Amino acid sequence: MPNIRKKLSHLYSRAGFGISLEMLKQKSAIPLSITIDRLLEDAKNREVLDIRLPIFMQASKKGNTKMERKMLSKKLQQENKKVNSAWVEKMASSQNPLLERMTLFWHGHFALISRNNSFVSKSYINTLRTHALGNFGDLVLAIAHDPGMIQFLNNQQNKKGSPNENFARELLELFTIGIGHYREEDVKEAARAFTGWRAKNGVFEFSKKRHDFGNKTFLGQTGNFNGEDIIRIILEKKQTAVFIATKVYKYFVNEKIDKMQVQELADVFYASNYSIEKLMRTIFESEWFYAKKNIGTKIKSPIDLMVGMMKTLQLKMDDQKSLLFIQKMLGQVLLNPPNVAGWSGGKNWIDNATLLFRLNFAGVIFQTTKLNLSAKPELEDKAVRKLRKKISGTMNLSPIMKQLKNMEEVAIYSTLKDWLIPTKLEIEKAEMDLFTKHDTKENYVKTVILRLMSLPEYQMC
Amino acid sequence: MNRRNFLRNTGLASTSLFVPQFLSGYNRNGFAQNGKNLVIIQWSGGNDGLNTLVPFQNDLYYQKRPKLAIPKNKVLRVTDELGFNPMLGGLKNLYDEGLLTVINNVGYPNPVRSHFRSMDIWHTASGSDQYWQTGWLGRYLDQASSDYIPHRALEVDDALVLALKGENRSGFAASDPAKLKRAANNRFLQKIAHHHDHDHEDNVEYLYKTLIDTQSSADYLFEKNKDSKRKGSYPSTQIGKDLATIANLITKDSNTKIYYINMSGFDTHVYQNNRQSRLLKQYNDAIKIFIKDLQKNQKIDDTLIMTFSEFGRRVKENASQGTDHGTANNVYFMGGKLKNPGIFNEAPNLSALDNGDLIYSVDFRRIYASVLKNWLGVDPGDVLLEKFKPLGIV
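Chains as they are written, first to last, in my numbering: chain A, 1 to 461; chain B, 1001 to 1394.
For the record, the hints were derived by calculation from the structure and aren't laboratory data.
In this text the structure is predicted, and so the values were computed from the model without any measurement.
No residue lacks a Cβ here, since even glycine has one placed at the ideal position from N, Cα and C.
Any given hint could turn out to be false.
In silico DMTMM-like pairs for lysine to aspartate or glutamate, Cα to Cα no more than 20 Å straight-line [stated by the list, open to error]:
#, chain 1, residue 1, chain 2, residue 2
1, A, K70, B, D1324
2, A, K256, B, E1223
3, A, K347, B, D1202
4, A, K292, B, E1205
5, B, K1209, A, E173
Now the stretches of chain A that chain B is said to cover, found in silico as 3 or more residues with beta-carbon under 8 Å [claimed, not checked]:
#, stretch
6, 246–254
7, 293–300
8, 346–352
9, 436–443
10, 451–460
Using the sequences plus the hints, can you model the full thing?
Put into structure tokens, the structure is as follows:
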């Protein structure tokens, strides 16, 4: 069994984006169960993403001239980039890691592409945040009401007499019960039930005129169903709990599922009437979550990697554009998943280009941030000078230095290694010593962190 | 010298050596060692096909595009009804020499007018209601796992397109082999690559493997690409530089088979003619030299160049001297071994439109099927996951 520090690192890397050395020390002195309680308790504070958007963003597009409308959409697009970076910064600075983690998970699940409209993006993110650890049924309903999703999956065009099936299909296939557990007829009937669910001026509106009030037969039941009924019927099926539990397991525990454990989760989830909090508690409190095969065996998503480094190094970028640039280079841009199925993750994050960027990323950060690092890693060339313009900021390593105050090199190395690398490390300290600076303690700490972050093993969580 | 060093120093560090052929279980298709090259040029943004290959005899064309239509006397005529945009003189010459095939009205059922989604459909070869996570060329790479070379499919870019991502194998991205070599082979990364041989967990192993593959490919591509005076004779545009890199590799018999480049900027909602002319000229000027180069080096018969865009544009021009997102479009092939050079099929029918858009008559997956079967030598069904009748392109 892994020791408490190892368990805490694992818990915080999966339920959040890593743990600071200071917190690791504090939390290892108290029982794990209390830490888990606290994580879940904190997540009840469903703080929304509070980014102020200029007031005109919220104004109706109507009544403006063509020129004005064009300006408006350009503004909305620019502001949308700000929403993206505000979200990343929130993840990196939040004291409520589980809420951030769950919100990101649901973004991949209820994947929405929103490139052009900051107002829509913000309200979608906050829909996820509000229900991230609440009731799954409420979350699905809120998503069905979400103006961004209504637009993205064409429910705006879903009218009595000419139904658009896009939303209904993805609701069944990707959001709830999964392919193979419904018939084509069910998609058609569900689409009818969601007719008239539209967005107007950025808020949900039920249009009686467009709604089909006729009888529908859905998953074996017949009635004058509306959207709420469809969601209710889907949730009655145990398969929905199995589908979600499987996805949650793959994301939080292991891509390779253990059927018994997933079944256990699905049972708990179903019995609790789809309490997400209960589902997550069951995972974090289980013994198997901390089994060796589940620790350090997942490839970090680009957001994991970036937010994790921002937290660890207390990294702040000078320009928010840097955050977008890094997401692009690593292959995951928030609010811009490849499609409604979200990111496929795992090995799919990795190709030669993204891997090289990952392995050189820390080097770039350490050189481009104002750190006065005297060691010059090999990357210093034109490419870095170009990157320096795109990625620059400040970092603060003093909290780390404080924790390592009374330690010698050997202890420093093993503390940092155990903290940053979740898996077995083949490279010996002696070998790493060739690539670290030994003139001052501060330089040693900096270069060890830099080198550890440049390892393939650091890509794991 | 350990095994890793040995492999590196002898230039043999490729994963194909780590997997004995008899274990791979794949010998049906494989990569035919026929030295054939496929070059794909992607026009991102939705190129306006009607102003590229112009239906200059069609009154409807001039009626619907009072401002944007290419005047009859400017069109570079190739048939009684079709002719090239004035910027595409090089393509007209290729047409005359029998080195060009144009397929009209290419599309797919229930077309999508979103750039990203439609590009995904072209990349994955899915239907418009399917969401696939792998690209058609990626799945082609998957097919021949026993014969794996990381840079078998090379995208001359910093990031990899979905088309080149497979389930287990992916293409390789390198905008500049020299830059890649520097990034991949710094001292630290060389050092840690030694630990490749250790016993790693599956995902960690994958990262190490990708790293050493990248390092050996970077070395390989750098060697093939260096010391060439070619760059100077190509235009200094991005596509000029990219095609020069590709020509270096092809003429030096690189074991890369598929090359992929992207040209963007074709989303011409406003003032289309200036923008499109500029882009088509860049394309024309670079491709002209590229083809000459291949001919001079006796590679034209071993090379097939395909150019496509995610959709065409609406027939009617908009109020801003541009065009909006449309549907069916042309696909262009060049090479020395075209089966049906010239204009492959009927010109677009401007009188039978679907809501103002062209109706496709050739499913793009039939084009892929032809390339897969007749050029790359694999069973298209294994890659496209559905049966499509190959079009007689090569």
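message: So, against the hints stated earlier in the document, which numbers end up violated here?
response: Violated hints: 2, 5, 6, 9; rest satisfied.
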